[in-house]
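Engineer: What follows is the residue order along each chain.
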Amino acid sequence: MSTPDCVLDCRGMTTESTAPSTTADEPGPPLLDGVRVVELAEEIAGPFAAKLFADAGAETIKIESPQGDAARKMAPFAEPSPHRETSTTWLAYNTSKRSLVLDLESAAGRRVLHELIAEADVFVTDRTPQQLADLDLVPDDLHARHPQLIIAAVTPFGLVGNAAEWPSTALTRAHASGSAAGVRRNLGANTGAPLMAGANVHEADGGTALALAAWAALIVRDRDGHGQIVDVASTDAMMNMDRVDISIAHNDGGPPARPPTKGGSAFGGRLECSDGHLIAVTPQSHQWAGLIKSMGDPDWAFDDEGKLIDRLELGEEAGEAIEEWAKAHTRDEVFRALQENSAPAGPVLRPSEVMNSEQMQVRGFFDRLDHPVADSSRYPQFAARWNRAARAPRSSAPLLGSSSAAIARTHLTPWTPAQARRAGVIG
Amino acid sequence: MTTTTNGANGQHPQDGLLPHHVGHHSLIKPTKRAGPLSGKRIIDFTWAWAGPYGAMQVALLGAELIKVESATRIDHSRQRSLAMGSFKGGVNQAPMFNEVNLNKYSIQLNLKMAGAKQVILDLARTADGAIDNFRPGILEKLGLGYEDLCQVNPEIVMVSASALGATGPERNYTGYAPTFAALSGLSYLSGEPQEPPVMMGGSIDLRAGTAAALAMVAGFHYRERTGRGQFIDASSSEAIGMHIPEEFLHVDLLGKDGDRLGNGHRAYAPHDVFRCASMRAPDAYTDEHKGAKSGWIAIACRSDQEWNALCECSGLDHLRDDPRFRTGLKRWKHREELNPMIEAWTSEQSAVETAETLRAAGVPAAASVWGSDIHHSENFQGRGGAVSVRPPESHLRQVLPPPWKLSETPAEIVSPAPRLGEDTEYILSRMLGYGADKIDALAREGALE
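Keeping their order, the protein sequence lines are chains A and B. Start counting the first sequence at 12; every next residue gets the next number (this note's numbering). Start counting the second sequence at 190; every next residue gets the next number (this note's numbering).
Isolated chain A (complex conformation) (with noise of 0.2 Å):
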């Protein structure tokens, strides 16, 4: 078992100071000891939102349907296969919390959830207006019985504006956006079908900007008491990460034109090495100087008076010399040689290379958690590390309904076996 629900206590949080007694060089708490967060979410970007307070130390109550998180019906699976607890999507977006399951067809069980929220500094969900409003849950009225708490909102179109019930995936989504539109542009193919960037990578936008704002809000709170609700649409998070290009698209009127991104032209681009492909991008004179001596100043790049020709002058003759080079060496020689240069540079690694680079793993950005039914696996950090404060220490994603009974006991209103069962609780 993974998650110690013997050492957890709603009842004794508080969300005041917890400054420590330690010295100015000892790391103090972690980053969001004490808060408290429930989660009303399933997927990708509420779970994310909600991952990213449960790993820096926040207590994070989920509440699943008897069913569970649609999460733990995605393919792939680990062993065993398939599987409620092995899908790794399912594992990778819920680190660090607990999960109580809760019948919100029934009155018990949503009693249940509101009281839960009642306690809770941050409620984090993706349900849009109709179906929180099916649970009571309507934002504004919500805030206006806890006006201290976060209400945090992570739906595909926003809890405002009339795409709010609209039927999406995250395909979708993703070219609702114009996310997809702009991975094809970066191209330098302005034809072509747009396409999704690869993982999950569009809905976890949405989480990382509800984490952003959602945190900002607790500063306020902790402040002056004031909760207040955030709504994102995870199509605007998408949107942002492009805003740079579809503005000029929209105000410049039309795209700008584009250089070619194959390796050779102006500024590097993707190069095929005799073991895979790597990244060189030389926007700088200097580092298109890099790049030249680390292919060791072939004659071609230097004028009759032995100074560097602009690299614009340069033709397509350049560009295959640069492919030749690449092609006769491995990712790992062009990539050293080009960074020694100062010559920004990157292999296109497979995960499984980054795990095993040994930057990642100097840096510890990736730490081994256990799992009761699947195996052990790698998991990544945050991409930050903050000197002085602790890191809190991770769990795996929980069983269903494993901390059901804990929450039972220690919570305010304690319930008997029968209550238990009116709410849907298991576990």
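Just to be clear, a hint being listed does not mean it is correct.
Once the Cα atoms are required to be at most 20 Å apart in a straight line, the calculated EDC-like pairs of lysine to aspartate or glutamate come out as [to be verified]:
1) B:Lys330 with B:Asp311
2) B:Lys277 with A:Asp386
3) B:Lys522 with B:Glu537
4) B:Lys445 with A:Asp263
5) A:Lys338 with B:Glu532
6) B:Lys277 with A:Asp263
Keep in mind that the hints were calculated from the coordinates and are not lab data. All figures in this text were calculated on a predicted structure; none of them were measured in a lab.
Start from chain A and add chain B according to the hints.
Structural biologist: Same frame as chain A, but now just chain B:
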């Protein structure tokens, strides 16, 4: 739609104290900014895209951002971009610079000069935070690293966002968005299944910036709770990696790396983007709508119900009884046959109107939009639409609002990006209280270049 004009054309009515200098920010005084970070002052050393966007999000949330710039080392997004190449206009006209530097002040300082360093230290005394995206060690060499700022202000929260972080053997390596994506695993996973991995662009920078902004906000929150400032070492490559956590689990739990799926899905079909005859029906275009003439529509069916609804409202009703497509698994197995049949239909339709019809029938669908078509989309308009800003030496521009709506402390765009050094005098005289003699001395030294 709200309009934010540049203050060079008009003074704040209450700003009578310094009539000779009206910076663009004087239209809305810092204290009137409503965002949750209102009252916080941050020194912004960032340049290019990722760092400035991170700092800008903190500014959109109400903090006062002082961008430190120098003509001796211009933020190159004022001059060129990876995607566009060189920008032909002046340094105050670059559209890409405006997009990631809204709501900021600009002070022009040559940090190699002693006087300029003193200005930074004086600012640091009054500041809550600092953010940079230099290679690790650059600010330290200038005598302006975390330790230096900490000496004058122990509670300062400083975020340093570098390509690969401030520790480890590759800490001195440099990078841009495409290399962050390459080094994180995302590039490898992006693209069509049978094609090479793709080079990613600006969205990667803005994702890295978002992670840096989140780190800074967490630092501020922590300081308010514990009294502790701190140094935050952020890695832009890790910032992309943290957005794809499941891909690392695939390695350990499935024993293999993930695949490139393009617009496809591991289990659902149809799940793709299909070519249309046009973006909109011809009569939907108005004079001001410079939309794309060609169009694409994304359609995803996750269930028999959605599939049946698609068949019913698409004129593809005959496919419903086709044994190849009868179950979800069969549709997925035969998707190579199915997709062209759907495209044969969509290629005679307009994307926006067809998506509306499909959604009304309960089928997840959306026109795949870009540029002006985003601005004209129903979902974007329904959220309040664009914000108009007039950068100092440019035309009126419509920009995207922040990605969040906050009910009590709204995040707002209050000014366009500043001209290079636009607020130097304002910051020195008004914020720091320097007298004219002192400012003249700095100018003579070359500290204000």
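Engineer: Each of the hints needs a verdict: does it hold here or not?
Structural biologist: Hint-by-hint comparison with the structure:
1. B:Lys330 with B:Asp311: holds (18 Å)
2. B:Lys277 with A:Asp386: violated (56 Å)
3. B:Lys522 with B:Glu537: Violated, at roughly 26 Å.
4. B:Lys445 with A:Asp263: It is violated: about 45 Å lies between the C-alpha atoms, which goes past 20 Å.
5. A:Lys338 with B:Glu532: Roughly 38 Å separates the two Cα atoms, so the pair is violated.
6. B:Lys277 with A:Asp263: holds (13 Å)
Going through the hint list in order, the structure does not satisfy hints 2, 3, 4 and 5.
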